Each structure stands twice: as C-alpha cells, then as structure tokens.
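Could you build all of it, start to finish, from the sequences and the hints given here?
Below are the chains, spelled out letter by letter.
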Amino acid sequence: MKVGILSGKGGTGKTTVSASLAAVVPSCQYIDCDVEEPNGAIFLKPELKEKSPVKVLVPEIDMTKCNFCGLCAKACQFNAIAVVKDKVLVFPEICHHCGACKIACPNDAILEVERTIGVVEANEDGTFLQGKLDVGEPISIPIINELKKHIKEDRFVILDCPPGASCAVVNSIEGCDYCVLIAEPTPFGLHDIKIAVQLVKNMGIPFGVVLNKASNDNRSIHHFCQSEGIEILMAIPFSKEIAEGYSKGILPVEINDLWNEKFKKLYEKIEGGAHK
Amino acid sequence: MKQIVFISGKGGTGKSTLVSSLSLLVQNKMLADCDVEAPNLHILLQGEILKKRDFFGAKEAVIDSSACIKCGLCRKTCRFDAISEEFEIKPMKCEGCGACTLVCPQNAIKLEEVKTGETYVSNTSRGTFSHALLDIGAEGSGRLVTEVRKNVNAYKKDEEWLLIDGSPGIGCVVIASITGTDAVVVVSEPTKSGQSDLERVLGVAKHFGVPAFVCINKYNLNLKVTSEIEEYCENNGYPVIGKIPFEPSIVKALQEFKTPIEAGNKVITNEIKNLWARLVDEVENLKKA
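Line by line, the protein sequences give chains A and B.
If you want this note's numbering, it's the position in the first sequence, counting the first as 1, plus 245.
If you want this note's numbering, it's the position in the second sequence, counting the first as 1, plus 73.
If you're looking for bench data, these hints aren't it; they were derived computationally from the structure.
Nothing here was measured: the structure is a model prediction, and the numbers come from that model.
Any given hint could turn out to be false.
[As the list claims (entries may be wrong)] For each label pair, taking beta carbons as the anchor points, the in silico distance ranges come out as:
| hint | chain 1 | residue 1 | chain 2 | residue 2 | range |
| --- | --- | --- | --- | --- | --- |
| 1 | A | 432 | B | 343 | 40 to 50 Å |
| 2 | B | 357 | A | 447 | 40 to 50 Å |
| 3 | B | 226 | A | 513 | 31 to 41 Å |
| 4 | B | 228 | A | 371 | 44 to 54 Å |
| 5 | B | 123 | A | 462 | 32 to 42 Å |
| 6 | B | 140 | A | 319 | 19 to 29 Å |
| 7 | A | 272 | B | 354 | 30 to 40 Å |
| 8 | A | 513 | B | 354 | 54 to 64 Å |
| 9 | A | 329 | B | 253 | 17 to 27 Å |
| 10 | B | 282 | A | 353 | 33 to 43 Å |
Every residue, glycine too, gets a C-beta built ideally from N, C-alpha and C.
The structure is reproduced here in structure tokens:
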C-alpha cells in the first residue's frame, strides 16, 4: 500500500514521521517526493548507488526549415517560444514539454531534444529513492512522476511529500491508499492543516492526522479534528530531546525505544485506516 | 521602492514570524505574502480586505462531447494522461497546454481559462498588504505569485520598502518570488535539513543574480551546525546579518497571535532591529557598488 505524508505548512515534521516509519516498518520503501528540498537521506543515510538524470523534451528549431510563421509561439501556452522577425527564441526552463509547438509547426521545423532538469537517486535494492531538482529549474513535476515509476507495489510505500498544496503535492499523493497529515498546534499550523485536509478530501483519499510538537497549551488541532471527525493517529509532544536529535539528523526512534513502539502503532493504524 | 524577499528553502524556519516582526519595526513599507499555497502572514496582520479578485492563472481543455467522435488522437497526444478513456478531461492532470486542441480533427476541444485562486489587497495598521490564496491543488502557483507582486505596484504610493514573505522550496514559486527583487534574506535554522536546504536556496538566488543574506533563527538549538552555516556563508560570500535565539516564549506569543516584538521580548526585539539595520546598510552598499 502507498501512504502519502503531507502537511500544507512546511517544517511541521513530514520527514521526521516519514523516515521514522521507514525505520520501523520492515521491508518498506521510502520515496522522497520533496524534490526541491529533499531531506530524507539526512536521517535514513542510505548508500546511494543508482543515479539517473531526469530528462524532459524541449523544442529545438531547425533553422533551415523555419519560415518564422510564428504558429509555434502562438500554440505555446507557457510563453516558452517567441518569434521575432528572423529569430526564434526558445526558453527551455519554462517549457512544459507538451509538444504543442511541434504539432503546430507546418514546416516540420521543430525537433524535440532531451534536457536534464534533475536526478533520481536510489540505494541498491531500490527501497530508498529521492529526486533532486537542479538549482535554478522551476518545474519539479517530471521528477516526481519519474520517482513514482519506481514504486514497489507489493511493499508498504512511504511518500514524503513537498510542502504546500499545489500540483506538486497532488502529483505526489495521487494513487495513494492513505494519507497522513502532519499538523502543529499554532495558528499557522491550524490554518494550513485545513488546506491539506481539503486537498485529500477533494482527492477522495482516506486520511488521519499526526499532531507534532503537541502541547497542553494549545488544543486547536484537537478541536478541529474532533469537529471534523478526523482521527488523530498519534501525538508527538514538543521535546527538546527530539528537536536536538532532529538538528543532528537523528530520528526519535533512534533516541528512545518508546518511539519505536509508537511508530509501529502508527503503522498499524495506517494499515487499519486504509482498509476501512 | 526596495524589495526584500524572505525565503528559507526548508519550511517552518520562521519566515512569517520574522516578516511580521519587521512589519512593526520598519517604517514606510508595503507587505506581500508570496506563499500562496499556505499563506500565514495575514493571520498576524489581520487587515481589512480592500480588494478581492478571482485569478484565472491556468487553462484547461474542454471537450464538446456532441462533436467528439472518440477517435483517440487527443489521448494519444496528451503527455499528461489528462484525458480519460471516456474522453473526459481530468482537471487535476490537465496542464492546459492545448496540444489536444491542435490534433482534434473535429475541433471538438477548446481551452478555457480556469480560476486558480484569489488575490487580495488589504489595509493593515502596518501598511498596505498584497496576498493571495491558491485554489487547493491548482496549477500555476508561480503565476499567482507574479500577480501578488503586480498588485503591489498598483497600490504603491511612495513607500520605501516592500517586505515579501516567501515560500519554502526552490522551484517555480520561489523563482517567481525572488526575480527582480533587491535582496533575498534566507531564514535558516541550525539543523542538518536546514543547512542542506539553505545551500540549495542560496544557489537559486545566485543563479538569478539576486544578492542574498542569511539569518540563522533558533541559532542556539545547535551551536555546532550554526557555526558550520556561518563558515559556509563566510566562504561563499553570504553575510550572516542576524542570529536569533530560540525561546519557548516566542511559540507562546504566536499562540496568542503575537509577534515576539508585541510579546515584549527584549533580546529578540533587539536582534531583529540589528538585523534590519545591517540589511539596510548592506543594501545601501550594493547600490554604491
């Protein structure tokens, strides 16, 4: 089964929860879909053996055939091609690799060439995967899609998602059997968890909440979950020990056996929640 | 007007807390929140919305089923798996590229503009504030960010500064937030994740030629990583303009919708004042250079 870990707000503990699950669930697969800022490897310390570039198709103009009619530029919805007098300018970074320009060209003057925008890296048996968007590149979706091609369907698969609530998150959790939403009890955390809840509801994926940095002073997430009928799967209290461990790249499950047991319970709840 | 954008690479390092604190200290400025997916600045600013507009930031294919002969050319052409076997568009998958419209022999497919979010301009006690909210799961978050920045121009008077709260990451949203600004301040934290993310996001600022400065937030959580970050910044020419300590009282103040400034935390208030003074100097120096 496939589980997406998301949060809306950044820095709530997606990677802590994802990597802790990966550490306690036997023979699972961990995939870091936060390709802009992947952090799972810092905690899971895999030996990365496989590295394959992620390539997309972008247009290249055959100037011997181009008659500067401008139909390619008109077809491009992303302003990635401009035709000025006797020049054709291609802006490959903002190209969405759709191929519309090639279809629109009446002179067969557009070919598509490969362009690398990032990399997918894996350990030897493919149980750890991460994607990395090249610095300066805007479009991350092709890397997320490439990562998802390597999903091992017979395993428990953990997809550590990017923050936010845009198409990158949608692509990451699409096809997931269950989602875990990580919330922190602050006014910001409450605001953003509502966005994440709406996203998974829209996509029809069953889900539960993990409350991170929980404190008795603020029960806003409890109240919200209660009123919405959302299950709180686990609460991780704010602890200096966990925060210090995190800063060094050490997971709670490595600090204390208690957390080992708690994350195993979380795993059981996820399995149960997905099969409801 | 000088535009300063606060980004972080990693989420949750304290961008919005810092920007809302500065909104109390800096005079004669406007504010913008370019984190359109999970905006938070409005929660602390609590302004009154002057203008609200729907934003149409993407297109989507629409199939006229009465004209469709189900030939399958569109499905074959679409690279985003956005057309179902029943020849219906899957809205969450469609990129709005229009490739399908070009191959349909029946001209049965059109591109239509879709609403991808809402933009707001608000009046707050701390200045005019431009912000937005992306529709959940929508495309085109970068375009919405660009719109937020355009709205600033429409409302600016003679403000000296624009403080922009950015988003996590290094992709389209961050690029749309930083291009053409006068300086980037990266709010970092002394964790292994924060360190790795800081280095990547500084790379983006460099790539687009925007001068970058670093603030280490919660610096006392791990002094070793803090000094590693300082060393990296020193070696790569990124001035560290502030180090803010972690104090549980900041979290408590936030619970009550208060910045550390309003909560009366003197140490942190001073540190943020110094950070701003340093930044103003650095931006002045850039102008001279």
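Consistency of the hints with the structure:
no.: 1; hint: A:432 - B:343: 40 to 50 Å; in the structure: violated (25 Å)
no.: 2; hint: B:357 - A:447: 40 to 50 Å; in the structure: holds (48 Å)
no.: 3; hint: B:226 - A:513: 31 to 41 Å; in the structure: violated (54 Å)
no.: 4; hint: B:228 - A:371: 44 to 54 Å; in the structure: holds (52 Å)
no.: 5; hint: B:123 - A:462: 32 to 42 Å; in the structure: holds (35 Å)
no.: 6; hint: B:140 - A:319: 19 to 29 Å; in the structure: holds (23 Å)
no.: 7; hint: A:272 - B:354: 30 to 40 Å; in the structure: violated (56 Å)
no.: 8; hint: A:513 - B:354: 54 to 64 Å; in the structure: holds (56 Å)
no.: 9; hint: A:329 - B:253: 17 to 27 Å; in the structure: holds (22 Å)
no.: 10; hint: B:282 - A:353: 33 to 43 Å; in the structure: holds (38 Å)
Hints 1, 3, 7, counting from the list given before, are not met by this structure.
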